[in-house]
Amino acid sequence: MLEVKGLTKRFGGVVAIDGLDMTIKQGEIVGLIGPNGAGKTTLFNLITGFLRPSKGKILFEKKDITGYKPHRIAAQGIIRTFQAANQFPDFTVQENIVVACHLKPKVGILEAMLHTPGSRKKREYALSRANEVLKFTGLDTRKDQLAEELSSGWRRALSVAIALAAKPRLLMLDEPVTTLDPERVAFIMNLITKLRESGVTVMVIEHNMKAIMDYCDRIVVLAFGKKIAEGSCEEIKQRKDVIAAYLGD
Amino acid sequence: MSRILVKPLSYSTLIIFLFLIPLFVTSPYLIHIFILAGIGIILASSLRLIFNSGQFSLAHGGMMTIGAYTSALLVMKMGLSTWVAMGAGAAAAAFLALLVGYPLVRLKGIYFALGTVFLEEIIRLIAQQWTDLTGGVLGLTSIPKPDPIVIPGLLNMNFASKVDFYYLALVLVLFTLLILYAIERSSINQTFLSIKQSDSLAESIGVNTTKFKVLAFTIGCFFAGLAGAFYSQFMTVVTPSSFGFVYSVYIIVYMIVGGEKKFYGPIIGAVILTFLPESVRMLKEYQPYVFAGVLMLVIFFLPEGIVSLPQRLKMFIRERRENA
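Just so you know, the sequences run in chain order H and P.
Using my numbering, read the first sequence as starting at 1 and increasing by one per residue.
Using my numbering, read the second sequence as starting at 1 and increasing by one per residue.
Note that these hints are calculated values from the structure, not bench results.
Bear in mind the structure is a predicted one, so any value in this text is a computation, not a measurement.
Here a beta-carbon is modelled for each residue, glycine too, at the ideal position from N, C-alpha and C.
Check the hints yourself; a few may be wrong.
[As the list claims (entries may be wrong)] Facing chain H, a subset of chain P residues (Cβ under 8 Å, in silico):
1) Ala182
2) Gln197
3) Ser200
4) Leu201
5) Glu203
6) Ile205
Can you build the whole structure from these sequences, using the hints too?
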């Protein structure tokens with residue numbers, strides 16, 4: 001589904017991502033782990049167009065999307081979340097999700113201004129889809145609360161819900177459960193598993209090793225911008241160099 | 001009476017009332033102030049549209065200059081109808097906004113605001129230096145008044161009195177507010193507000209943030225151009241410093257003092273701050289200080305503007321009652 005070929009990103013003299021090759025298959029949940037500064041978030045930024053690669057190619061379903069603007073990549077079906085600032089704080093939970101639903105199908109600027117029957121139909125569709133997402137994520141009980149008033153657990157759920165509303169085919173989550181309590185971790189990870197069942201491919205950066213081991217099909221390990229290991233959870237657990245990279249020698 | 005009818009009815013009553021004002025306000029001076037308030041409403045409300053998309057523009061005065069000069073020159077040098085020229089003035093400002101918008105919106109936050117300050121200075125300097133065309137520092141004088149509108153037996157507006165201008169201003173204000181309100185009620189407004197709150201999150205769910213920011217800037221500047229064109233035909237004089245940097249700041253003050261979160265906030269701000277300096281002669285001389293003072297008071301005590309006053313009072317009274 002996603003193919004990364006020889007991807008390189010330099011910031012001045014620092015090489016953040018160094019000739020990375022990677023493939024993600026349809027329907028997988030792939031964990032991306034590595035020590036801080038390994039280049040995980042940089043890799044996300046490169047794939048989703050927030051950064052331009054210095055070298056290399058990104059193919060999504062065999063289409064070259066290297067150098068696309070973020071909104072165009074989102075339109076292809078790659079939706080990402082951020083570590084921080086991942087909600088619209090002044091919107092209610094429902095508005096947060098509705099705004100993401102409005103983009104597919106797209107409402108034209110003039111038709112929205114004139115409130116044409118077509119735009120009204122799309123609006124109703126967006127609202128009903130938003131309701132589905134609210135139910136799916138369990139956020140329907142809090143739909144009228146402002147996003148900034150939510151607890152951090154619900155806020156993370158909202159992040160996933162916003163991304164979900166944007167109809168992802170590849171969902172890229174940046175630390176969705178870091179700092180959450182075990183109950184919340186299970187809640188969000190189960191949500192992600194349910195999503196996969198509905199056909200969404202998932203790539204997740206996470207430091208919570210238990211969550212990664214329990215829920216991922218495959219793990220990719222980054223260190224110093226390079227892929228140092230790749231494989232099933234069992235394989236990764238056996239790798240001495242991974243443990244060394246994480247814990248120091 | 002059903003609740004759905006209350007709003008349209010009260011709006012139409014208000015509009016009819018506004019149309020009747022010249023019947024009992026006969027002082028040309030007061031009518032003049034009403035017209036200035038109308039210009040203020042157009043400017044502050046259209047600035048709010050730009051602000052809603054997360055951008056702080058200080059180029060509104062510059063865009064007025066563009067509208068005023070374009071409209072005046074088209075009438076004076078090319079003999080166009082004043083009505084066509086007025087539309088062209090607004091369109092010229094919108095076109096310029098569209099052109100400079102694309103590079104400008106790449107700047108974010110305070111850097112965008114600084115960019116618009118430079119834009120305004122450039123516009124002012126061009127108006128000042130291109131003497132052959134613009135008349136330099138002295139500006140353009142004896143700009144023709146709007147062409148008369150005559151519908152035999154019904155309407156005869158020749159713009160000899162200020163009352164005719166009052167009606168024109170009222171129609172322009174209603175036109176502006178109608179369009180801005182249509183945007184406010186649509187899903188586009190939600191998209192603008194999402195960009196304002198988090199640019200990158202909006203982009204990540206597929207919003208072409210550049211396009212929407214340019215759109216807000218262009219529509220906002222269209223109305224600034226319209227206000228400028230109207231102003232030039234109303235005052236018949238326009239100079240490069242008619243709407244300078246300070247003027248742009250005033251427009252922002254209108255918006256913030258009124259309360260930029262509500263649609264009617266800038267309207268209330270513009271009306272109050274136009275009438276306040278006129279109400280006491282002494283205040284007029286110290287207008288910048290008065291505005292600065294009002295702005296600071298509002299920021300300290302009513303951070304959401306004058307429109308939040310009723311709600312604040314209600315809360316205050318309830319608290320007093322509970323404590324008693």
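Taking the hints in turn, this is what the structure says about them:
1. Ala182: The hint holds - P/Ala182 has a Cβ within 8 Å of chain H, the shortest such distance being about 5 Å.
2. Gln197: With Cβ-Cβ at 4 Å, under 8 Å, it holds.
3. Ser200: holds (7 Å)
4. Leu201: Since chain H brings a Cβ to about 6 Å from P/Leu201, closer than 8 Å, the hint holds.
5. Glu203: holds (4 Å)
6. Ile205: Interface hint status for P/Ile205: holds (4 Å vs cutoff 8 Å).
Against the hints set out earlier in the document, no violation occurs for any number.
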